[in-house]
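K.L.:
Sequence:
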Amino acid sequence: MILGHIGVRKGSKGVPGKNFRPICGKPLIDWSLDQLFAEPRIDAVVVSTDDEEMYDHAVRRGALDIGLRPANLATDSAPKWNVWQHALDASEAKVGPVTTFVDLDCTSPLRIPKDITGALDLFQSEQPDMVMSVCEANKNPYFNLVEPDESGALHVSKPLPGGVWARQDAPVVYEHVGVIYILDPAYLRQAKTIYEGRVIPFVLPSERCHDIDSPYDLRLVEFLLSEQLREGVRKS
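Numbering of the sequence shown is given in my numbering, commencing with residue 1 and proceeding in unit increments.
Mixed in with the good hints there might be a few duds.
Stated by the list, open to error - Straight line, CA to CA, 30 Å or less: simulated BS3-like cross-link-like pairs of lysine-lysine:
id: 1; residue 1: Lys26; residue 2: Lys10
id: 2; residue 1: Lys192; residue 2: Lys94
id: 3; residue 1: Lys139; residue 2: Lys114
id: 4; residue 1: Lys235; residue 2: Lys192
id: 5; residue 1: Lys26; residue 2: Lys235
id: 6; residue 1: Lys158; residue 2: Lys192
id: 7; residue 1: Lys235; residue 2: Lys158
id: 8; residue 1: Lys139; residue 2: Lys158
id: 9; residue 1: Lys158; residue 2: Lys80
id: 10; residue 1: Lys158; residue 2: Lys10
id: 11; residue 1: Lys114; residue 2: Lys235
id: 12; residue 1: Lys114; residue 2: Lys158
id: 13; residue 1: Lys94; residue 2: Lys114
id: 14; residue 1: Lys10; residue 2: Lys94
id: 15; residue 1: Lys192; residue 2: Lys139
id: 16; residue 1: Lys80; residue 2: Lys139
id: 17; residue 1: Lys114; residue 2: Lys26
id: 18; residue 1: Lys139; residue 2: Lys94
id: 19; residue 1: Lys94; residue 2: Lys26
id: 20; residue 1: Lys80; residue 2: Lys94
It should be emphasised that the hints constitute simulated quantities derived from the structure, not laboratory data.
With the hints as extra help, turn the sequences into a complete structure.
P.N.:
Written as structure tokens, this is what we have:
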């Protein structure tokens with residue numbers, strides 16, 4: 001049993017009501033819901049939320065009826081990990097044991113279907129505790145990320161002997177992005193944080209890794225999403 005999950009809170013300080021806000025013709029949440037329902041390997045879908053309108057919308061569309069998210073998991077400080085654990089437990093009470101837990105961030109709608117299938121393929125072939133989407137970071141702590149010392153003087157954040165004088169010579173570093181996560185449910189139950197086990201990267205191009213956290217992000221993602229639709233990328 002592969003379970004697809006979306007976690008969405010009612011509140012948003014950066015863009016009020018963003019998760020149910022229309023973008024390119026439908027609510028933001030539906031860009032992720034549609035992908036979960038369309039992926040043939042996903043057997044059931046659940047939406048964890050404290051918002052009655054989004055919850056009713058998701059259940060009408062076919063998501064599991066697990067009830068609203070508990071109040072202690074609906075705050076700004078509630079860890080994503082605990083939200084996942086609750087959704088897994090509540091879903092298994094409805095559908096039985098889950099073998100794979102797939103999470104899509106509602107606020108990262110630029111993923112395309114092959115991102116989901118590719119991450120699932122990687123998880124099934126490598127059998128890690130978790131697959132996490134990443135993109136190559138624009139800034140590199142070995143090269144052009146700096147921090148001040150006690151005197152206020154700047155130094156490279158992670159210096160190497162002899163220094164790094166060209167970006168291509170620096171070790172590769174990734175940016176953690178919330179496009180897709182795939183987890184072994186046993187790991188999700190046991191661990192307290194993401195990186196306790198074998199967490200491997202699923203590398204995506206940066207143009208599909210934008211997250212909506214501000215009005216500027218919303219305008220940017222809406223533009224890029226409209227470009228995807230115009231070019232037919234959403235079907236690939």
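K.L.:
Looking at the structure, which of the earlier hints fail to hold?
P.N.:
4, 7, 10, 12 and 18
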